[in-house]
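Q: Here is how the chains run, residue by residue.
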Amino acid sequence: MPDLHHILFFSFAAIILFSAGMVAFRPRPVESAMWLILNFFVTAGLYVLLGSHFTAVIQVLVYAGAIMVLFVFVILLLNLDPRELGTEGGASWSSLVLFMGFLSFVLVALQLATPDLLKAPAALPEASTFGSVEAASRELLTKYIWGFQLSGIILLLALIGVGLIAYRKAKAPQVKGAHA
Amino acid sequence: MINIVLSASVLPWVFFFGKILFIFTLGFGVIAPVMIWVERRVAAFVQDRVGPNRVGPLGLLQSLADGIKLLLKEDLRPDEVRPFFFILAPALAAVPAAMAFAVVPFGPETTLGGLLAEPARLQIAPLNVGLLYVLAIGSLAVYSIALAGWASNNKFSVMGSLRASAQMISYELAMGMAVVAVILMSGSVDLYDIVKAQTNHWFIFTIPGFIAFLIFVPAMFAETNRTPFDLPEAEAELVVGFHTEYSGMKFGLFFLAEYVNMTTLSAMCVLFFFGGWEFLPFGLTWEGIGYQVDQHWFSWVIPFAWFAAKVAFFLFVFVWVRWTLPRFRYDQLMGLGWKTLVPIGIANIALVAGLITFGGGF
Numbered sequence: 001m002p003d004l005h006h007i008l009f010f011s012f013a014a015i016i017l018f019s020a021g022m023v024a025f026r027p028r029p030v031e032s033a034m035w036l037i038l039n040f041f042v043t044a045g046l047y048v049l050l051g052s053h054f055t056a057v058i059q060v061l062v063y064a065g066a067i068m069v070l071f072v073f074v075i076l077l078l079n080l081d082p083r084e085l086g087t088e089g090g091a092s093w094s095s096l097v098l099f100m101g102f103l104s105f106v107l108v109a110l111q112l113a114t115p116d117l118l119k120a121p122a123a124l125p126e127a128s129t130f131g132s133v134e135a136a137s138r139e140l141l142t143k144y145i146w147g148f149q150l151s152g153i154i155l156l157l158a159l160i161g162v163g164l165i166a167y168r169k170a171k172a173p174q175v176k177g178a179h180a
Numbered sequence: 001m002i003n004i005v006l007s008a009s010v011l012p013w014v015f016f017f018g019k020i021l022f023i024f025t026l027g028f029g030v031i032a033p034v035m036i037w038v039e040r041r042v043a044a045f046v047q048d049r050v051g052p053n054r055v056g057p058l059g060l061l062q063s064l065a066d067g068i069k070l071l072l073k074e075d076l077r078p079d080e081v082r083p084f085f086f087i088l089a090p091a092l093a094a095v096p097a098a099m100a101f102a103v104v105p106f107g108p109e110t111t112l113g114g115l116l117a118e119p120a121r122l123q124i125a126p127l128n129v130g131l132l133y134v135l136a137i138g139s140l141a142v143y144s145i146a147l148a149g150w151a152s153n154n155k156f157s158v159m160g161s162l163r164a165s166a167q168m169i170s171y172e173l174a175m176g177m178a179v180v181a182v183i184l185m186s187g188s189v190d191l192y193d194i195v196k197a198q199t200n201h202w203f204i205f206t207i208p209g210f211i212a213f214l215i216f217v218p219a220m221f222a223e224t225n226r227t228p229f230d231l232p233e234a235e236a237e238l239v240v241g242f243h244t245e246y247s248g249m250k251f252g253l254f255f256l257a258e259y260v261n262m263t264t265l266s267a268m269c270v271l272f273f274f275g276g277w278e279f280l281p282f283g284l285t286w287e288g289i290g291y292q293v294d295q296h297w298f299s300w301v302i303p304f305a306w307f308a309a310k311v312a313f314f315l316f317v318f319v320w321v322r323w324t325l326p327r328f329r330y331d332q333l334m335g336l337g338w339k340t341l342v343p344i345g346i347a348n349i350a351l352v353a354g355l356i357t358f359g360g361g362f
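From first to last, the protein sequence lines are chains A and B.
So for the first sequence, the working numbering puts the first residue at 1; every next one is plus one.
So for the second sequence, the working numbering puts the first residue at 1; every next one is plus one.
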């Protein structure tokens, strides 16, 4: 007997798969970006189902709210034409249907191979602390401190790299008095 | 008397839906129309005019008349727009504005004078990550503007969208930095805990709190795209930018969303720095002056009214600043965001962290 949790989980999963397909199959980059935002949003819904509000909010804040804004910004700035991209007309609906069919095939195969996969997940940790800000940050700053610091350093390196490239460009000869 | 009407099992639900009804009626039905009227009257006062004064007493019903006009107007759609996104954009402006309202607390914890079994929060969704939720939902507002400009297929609108995206990304960072200082001082991302942490000690009266406030206020103006940061609209150069092609209720939704967002951010400002619904700083709390916030079922109204008054003041500041200051130049805007507010914000975080770790407090 499916309960509300299962109904929500499978509808979210279906939306995630469908929007992921649409990201790949829409001709215009802006449309793909919009589908990707929907994808991130519904993924946050999955985290809420798991009781992890913090991860859900961070998912929306970082991915849907920050990273995708940059994507959309760059797409708008470049003003890409589907003809230039060579994606005019996009992939056909039949390829989308084929893609969804392939995914369903994989799911059915997995179900046959490992019958436990689509059953209810094992009991989750106690909801009172699981996924709260305190619990997540404690794990992050004790158990996973090295990974956390390392990702910080990688981001810093990327930042310095961007600065370096932009600085080199800015030093290139330009019209006198033009503002950078 | 009320116990007889509402049995104990129904009451929590009545309370729950009552909160939703109360907050959304207030936000969309009262604050937004009244603010539009206030905006026009204050603008008129600043410019030595009279302003709308014909519809209703003092022109108060002007917004109602405008609303009816917008609803009944022909739904114009230029030929060259991208239809789906053209309609999606105003909806994307209104929905996050409404969503952010769900976690704004508007009064102290109450049992409604003993009607409820345990103290309940005057907040629709008692989320323990409320502050992050507001930031996350706020960061989605940029899509409506970006899409509106792109879907309009108008070069001025696209320019407006690009400016808006760049501006909102830049000032979100500054706002985040200001908010991190508040999180460090209160030790929580729960909006209720942030207010509780200020019971005796409003954050505005601490050094890092004051610096954070100075960063938060310009970021607040920039996030709502209002003067002096209204470059996305810039009537004179971009013919109001992203919503040039919009008319009727589609424009109305953008307009409504702007005022609802202003209300949310004003409420955040009061919650972060001005003690929420607490009476006065330095220990003069409601309990301190002998007022019981949970004595009768309606006792929460006084703290709520006090909170609303504080929010109203910041809403007035929005209007006041808009009609007093000229618009920034684009490079000045970016310079202020990235070279002034963000570095000060980072230094402020270091200051709070240092004070808490080594100074034992702030």
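Read the hints as simulated data drawn from the structure, not as lab findings.
Check before you lean on any hint, since a few could be wrong.
Here's a subset of chain B near chain A, in silico, CB distances under 8 Å, partners left out [what the hints assert, rightly or not]: (1) Ala136; (2) Tyr143; (3) Ala146; (4) Trp150; (5) Ile169; (6) Leu184; (7) Ser186.
In silico DMTMM-like links for lysine to aspartate or glutamate, alpha-carbon gap of 20 Å or less [unchecked claim]: (8) B/Lys196 x B/Asp331; (9) A/Lys169 x B/Glu118; (10) B/Lys310 x B/Glu118; (11) B/Lys196 x A/Glu134; (12) B/Lys19 x B/Glu118; (13) B/Lys19 x B/Asp331.
Derived DEER-like restraints, expressed as beta-carbon distance ranges [said to hold, decoys possible]: (14) B/Ser247 x A/Leu107: 32 to 42 Å; (15) B/Phe24 x A/Leu140: 34 to 44 Å; (16) A/Phe10 x B/Ala305: 31 to 41 Å; (17) B/Phe210 x A/Leu157: 45 to 55 Å.
Even glycine gets a Cβ: it sits at the ideal position worked out from N, Cα and C.
Q: Run every hint past the structure and note whether it holds.
A: The hints, checked one at a time:
Against a cut-off of 8 Å between C-beta atoms, the interface hint on B/Ala136 holds, since the closest Cβ of chain A lies about 4 Å away. Using the Cβ-Cβ criterion of 8 Å, the hint placing B/Tyr143 at the interface with chain A is satisfied: the shortest such distance is roughly 7 Å. Interface hint at B/Ala146: satisfied, since its Cβ lies 5 Å from the closest Cβ of chain A, which is below the 8 Å cut-off. Evaluation of the B/Trp150 hint against chain A yields a held restraint, the C-beta minimum of about 6 Å falling below 8 Å.
For B/Ile169, the interface hint holds, since its Cβ comes within 8 Å of a Cβ in chain A; the closest pair sits about 6 Å apart. This hint is violated: B/Leu184 has a C-beta 12 Å from the nearest C-beta of chain A, more than the 8 Å allowed. Using the Cβ-Cβ criterion of 8 Å, the hint placing B/Ser186 at the interface with chain A is not satisfied: the shortest such distance is roughly 12 Å. For the hint pairing B/Lys196 with B/Asp331, the CA-to-CA distance comes to about 40 Å; that exceeds 20 Å, so the pair is violated.
A hinted pair counts as satisfied when its Cα atoms are at most 20 Å apart, and A/Lys169 with B/Glu118 does not qualify at roughly 63 Å. Using a Cα cut-off of 20 Å, the hinted pair B/Lys310 and B/Glu118 is violated, with the two alpha carbons roughly 28 Å apart. Simply put, B/Lys196 and A/Glu134 have alpha-carbon atoms about 18 Å apart, close enough for the 20 Å limit, and the pair holds. For the suggested pair B/Lys19 and B/Glu118, the alpha carbons sit about 16 Å apart, so the restraint of at most 20 Å is met.
Proposed proximity of B/Lys19 and B/Asp331 is contradicted: the alpha carbons are some 44 Å apart, above 20 Å. Checked against the hint of 32 to 42 Å, the pair B/Ser247 and A/Leu107 fails, with Cβ atoms roughly 47 Å apart. Remark: the range hint 34 to 44 Å for B/Phe24 to A/Leu140 is upheld by a beta-carbon distance near 36 Å. A C-beta distance of roughly 46 Å is found between A/Phe10 and B/Ala305, which places it outside the suggested range of 31 to 41 Å.
Roughly 35 Å separates the CB atoms of B/Phe210 and A/Leu157, a value that falls outside the hinted 45 to 55 Å.
When the structure is compared with the earlier hints, violations turn up for hints 6, 7, 8, 9, 10, 13, 14, 16, 17 and for no others.
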